[in-house]
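Chemist: The primary structure of each chain is shown beneath.
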Amino acid sequence: MSAADTTTAKVPPTRPSTPPGAGGGAGEGAGGAERPARRRRAGGPAALPWALLAPCLLVLLLVLGYPLARLVTLSFQKFGQPQLWGFQEPEQVGFANFARILGDGEFWAVVVRTVVFAGGAVILTMVLGMLTALLLQRVSGWVKTLVNIALVASWGMPVIVATAIFKWLFDTDYGVLNWLLSRLPGVDMTGHNWFADGPQGLAVIMLLVVWGAVPFVAITLSAGLTQVPKELEEAARLDGAGSWGVFRYVTLPVLKPIIVMLTTLSVIWDMGVFPQVFVMRNGHPEAEFQLLTTYSYDKAFVVNDYGGGSAIALVTVVLLLGVVAVYMRQMLKIGEVE
Amino acid sequence: MSALTKTAAPGRPRRPGRGRLGWNLLGLLVFLTAGFPVYWMLNTAFKPAKDAIDPDPRFFPRTFTVENFARAFEVADFWGPVGRSLAVSLVVVLIGITVGMLAALAISRFAFRGRRVVIVGILAVQMVPLVAMIIPVFLLLNDLGQYDRLTGLIITYLTFVLPFTVWTLRGFIVNIPKELEEAAMVDGCTRTGAFVRVVLPLLAPGMVATSVYGFIQAWNEYLYALMLMSQQNQTATVWLGNFTTKHGTEYAPMMAGATMMAVPIVILFLLVQRKMAAGLTAGAVKG
Numbered sequence: 001m002s003a004a005d006t007t008t009a010k011v012p013p014t015r016p017s018t019p020p021g022a023g024g025g026a027g028e029g030a031g032g033a034e035r036p037a038r039r040r041r042a043g044g045p046a047a048l049p050w051a052l053l054a055p056c057l058l059v060l061l062l063v064l065g066y067p068l069a070r071l072v073t074l075s076f077q078k079f080g081q082p083q084l085w086g087f088q089e090p091e092q093v094g095f096a097n098f099a100r101i102l103g104d105g106e107f108w109a110v111v112v113r114t115v116v117f118a119g120g121a122v123i124l125t126m127v128l129g130m131l132t133a134l135l136l137q138r139v140s141g142w143v144k145t146l147v148n149i150a151l152v153a154s155w156g157m158p159v160i161v162a163t164a165i166f167k168w169l170f171d172t173d174y175g176v177l178n179w180l181l182s183r184l185p186g187v188d189m190t191g192h193n194w195f196a197d198g199p200q201g202l203a204v205i206m207l208l209v210v211w212g213a214v215p216f217v218a219i220t221l222s223a224g225l226t227q228v229p230k231e232l233e234e235a236a237r238l239d240g241a242g243s244w245g246v247f248r249y250v251t252l253p254v255l256k257p258i259i260v261m262l263t264t265l266s267v268i269w270d271m272g273v274f275p276q277v278f279v280m281r282n283g284h285p286e287a288e289f290q291l292l293t294t295y296s297y298d299k300a301f302v303v304n305d306y307g308g309g310s311a312i313a314l315v316t317v318v319l320l321l322g323v324v325a326v327y328m329r330q331m332l333k334i335g336e337v338e
Numbered sequence: 001m002s003a004l005t006k007t008a009a010p011g012r013p014r015r016p017g018r019g020r021l022g023w024n025l026l027g028l029l030v031f032l033t034a035g036f037p038v039y040w041m042l043n044t045a046f047k048p049a050k051d052a053i054d055p056d057p058r059f060f061p062r063t064f065t066v067e068n069f070a071r072a073f074e075v076a077d078f079w080g081p082v083g084r085s086l087a088v089s090l091v092v093v094l095i096g097i098t099v100g101m102l103a104a105l106a107i108s109r110f111a112f113r114g115r116r117v118v119i120v121g122i123l124a125v126q127m128v129p130l131v132a133m134i135i136p137v138f139l140l141l142n143d144l145g146q147y148d149r150l151t152g153l154i155i156t157y158l159t160f161v162l163p164f165t166v167w168t169l170r171g172f173i174v175n176i177p178k179e180l181e182e183a184a185m186v187d188g189c190t191r192t193g194a195f196v197r198v199v200l201p202l203l204a205p206g207m208v209a210t211s212v213y214g215f216i217q218a219w220n221e222y223l224y225a226l227m228l229m230s231q232q233n234q235t236a237t238v239w240l241g242n243f244t245t246k247h248g249t250e251y252a253p254m255m256a257g258a259t260m261m262a263v264p265i266v267i268l269f270l271l272v273q274r275k276m277a278a279g280l281t282a283g284a285v286k287g
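Residue numbers (the numbering used here), protein chains in the order written: chain A, 1 to 338; chain B, 1 to 287.
Rather than coming from a laboratory, the hints here were simulated on the basis of the structure. Where a beta carbon is used, it is the ideal one built from N, C-alpha and C, also for glycine. Each statement offered as a hint is correct.
Capping the alpha-carbon separation at 20 angstroms, the derived lysine to any residue pairs in SDA-like fashion look like this:
| id | chain 1 | residue 1 | chain 2 | residue 2 |
| --- | --- | --- | --- | --- |
| 1 | A | LYS78 | A | PRO90 |
| 2 | A | LYS333 | B | PHE110 |
| 3 | A | LYS333 | B | VAL125 |
| 4 | A | LYS230 | A | ALA241 |
| 5 | A | LYS256 | A | TRP244 |
| 6 | A | LYS78 | B | ASN142 |
| 7 | A | LYS144 | B | PHE31 |
| 8 | A | LYS144 | B | LEU270 |
| 9 | A | LYS78 | A | LEU102 |
| 10 | A | LYS78 | A | PHE107 |
| 11 | B | LYS50 | A | VAL176 |
| 12 | A | LYS333 | B | ALA124 |
| 13 | B | LYS178 | A | LEU48 |
| 14 | B | LYS50 | A | TYR174 |
| 15 | A | LYS333 | B | ARG115 |
| 16 | B | LYS50 | A | THR190 |
| 17 | A | LYS230 | A | PRO253 |
| 18 | B | LYS178 | B | GLY193 |
| 19 | B | LYS178 | B | ALA204 |
| 20 | A | LYS78 | A | ARG100 |
| 21 | A | LYS230 | A | ARG138 |
| 22 | A | LYS144 | B | PHE36 |
| 23 | A | LYS256 | A | LEU131 |
| 24 | A | LYS333 | B | ILE119 |
| 25 | A | LYS144 | B | LEU25 |
| 26 | B | LYS50 | B | VAL66 |
| 27 | A | LYS256 | A | LEU134 |
| 28 | A | LYS333 | B | GLY121 |
| 29 | A | LYS333 | B | ARG116 |
| 30 | B | LYS50 | A | TRP179 |
| 31 | A | LYS230 | A | LEU135 |
| 32 | A | LYS333 | A | LEU321 |
| 33 | A | LYS144 | B | LEU28 |
| 34 | A | LYS256 | A | ILE268 |
| 35 | A | LYS230 | A | VAL246 |
| 36 | A | LYS78 | A | GLN92 |
To list a few chain A residues with every Cβ distance to chain B over 10 angstroms, as calculated:
| id | residue |
| --- | --- |
| 37 | TRP108 |
| 38 | GLY198 |
| 39 | TRP244 |
Construct the entire structure; sequences and hints are all you get.
Modeler: Laid out in structure tokens, this is it:
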């Protein structure tokens with residue numbers, strides 16, 4: 001029982017498997033050595049693992065594989081209300097949906113806005129997360145506990161609840177933030193509407209996203225920080241490195257796998273932001289609030305152009321592929337070592 | 001020297017005192033900033049509705065009241081959505097953990113041709129943005145006659161709970177030494193016997209944590225619940241979302257609703273958080 005606790009609660013699992021510099025080479029070596037042994041033990045045919053996998057693969061194929069394939073086919077079809085109700089057969093239109101969308105200036109404005117929004121949110125999240133993690137190393141125990149409580153509470157908050165709270169904090173008439181800012185000398189924010197224009201409103205939404213995302217990054221990084229060998233830091237210090245030098249040349253390289261993973265994940269999550277915008281704008285985001293996700297949703301379910309909406313969704317997925325590739329490489333490095 | 005630093009608890013600074021005050025103040029500032037939205041939710045939920053719209057907001061409630069909660073129940077049916085969310089989340093977790101466990105065993109305890117492909121597949125599946133899937137999923141459920149049905153919602157929730165479950169459980173299984181199983185088998189256990197008697201008990205805490213986390217994921221989902229269920233069959237998240245859209249000005253009851261939705265989840269989350277930090281770095285799924 002307690003043995004299981006200590007072995008499974010190792011935080012994070014990535015650390016032991018990727019010592020600095022040892023990387024994939026050592027991992028592959030270990031894997032190669034183990035493989036014959038494992039195969040021998042499995043003894044029988046390779047059917048058993050596949051039998052174990054079958055239910056899972058079946059479910060995923062059905063609930064994910066099929067819709068994914070459908071997403072692709074849909075984006076090449078004219079598919080609207082009549083097709084939905086079955087009055088008309090969907091018509092193959094080739095690249096017409098894509099041509100229409102890519103030729104639309106508004107689409108490109110949305111793409112740029114989404115990239116800026118997600119990029120800003122990711123950078124803010126990573127920087128604040130890292131600073132918080134570093135800070136947690138330097139504070140007294142009781143402060144650490146307090147910060148951890150606040151972090152876990154905001155991490156665990158359902159997104160929809162967080163959105164509701166931020167809506168309240170930033171309310172035009174009774175929002176506590178306007179009140180607080182107005183306390184500052186020379187500032188009068190009474191009755192200020194944060195959502196009157198897109199950039200400012202999206203900045204608030206970005207803040208909401210960052211508030212929810214920093215805890216995961218901070219807690220994971222601070223777990224990672226405890227694994228940075230103290231000897232390395234000492235050595236660097238003896239060699240005359242200052243705090244920044246130690247961070248830059250010792251801490252960062254050791255944490256790199258975690259940072260890559262967290263960054264790629266954040267990009268994927270922040271490109272997929274939907275409820276925050278949707279609920280914040282009462283279910284009808286204005287044009288200047290549209291991100292790729294809400295834009296695709298609008299095309300499909302508001303204008304009833306399912307083909308167009310699918311094309312936008314597909315473009316989003318393609319945009320993310322590069323990021324996903326980086327994430328997968330990192331995860332495979334971690335996963336294959338065992 | 002190095003022996004000394006090694007025995008020190010990880011993360012504990014080695015030079016107490018010097019400069020600590022400044023860091024502590026900064027830490028308190030972080031605590032206040034990060035915690036304030038949560039505090040403001042609770043603060044608003046428990047103060048009289050008319051205090052909530054006081055131009056001079058009260059940071060410390062003078063009077064505690066639960067009238068906002070009563071009002072939140074009134075605004076729209078509360079227990080219906082909560083019951084549906086509960087049912088959906090529980091079934092999703094049950095299916096997810098059963099199916100996911102088998103798959104996790106396969107990829108963590110067996111070397112077989114195609115293992116790598118399966119791992120890549122399961123990881124890739126996690127990366128597909130839910131929003132991109134909503135259109136085909138909507139059409140699929142529409143065709144299957146599962147639109148506005150809890151079963152439809154359960155099926156779709158498996159898309160994100162299942163890959164996460166597999167990947168996280170894999171992490172927990174890998175951490176259980178194979179030698180334990182082998183020893184049991186030497187002592188006469190069958191492979192299944194060894195698993196049930198040795199691995200399963202050791203895995204139990206990890207399974208509980210994974211289940212709880214999967215439950216939270218399903219409970220918190222908004223988009224599919226919004227799109228795939230009609231107003232009469234809405235789940236808890238949509239209930240709160242609609243609260244915002246239709247009764248935007250009634251913030252005090254809304255914060256009461258938010259409190260009711262969030263507090264049980266945050267408590268559950270606190271219980272498994274430490275364990276999941278391990279699973280998450282490997283499993284990595286969040287809204």
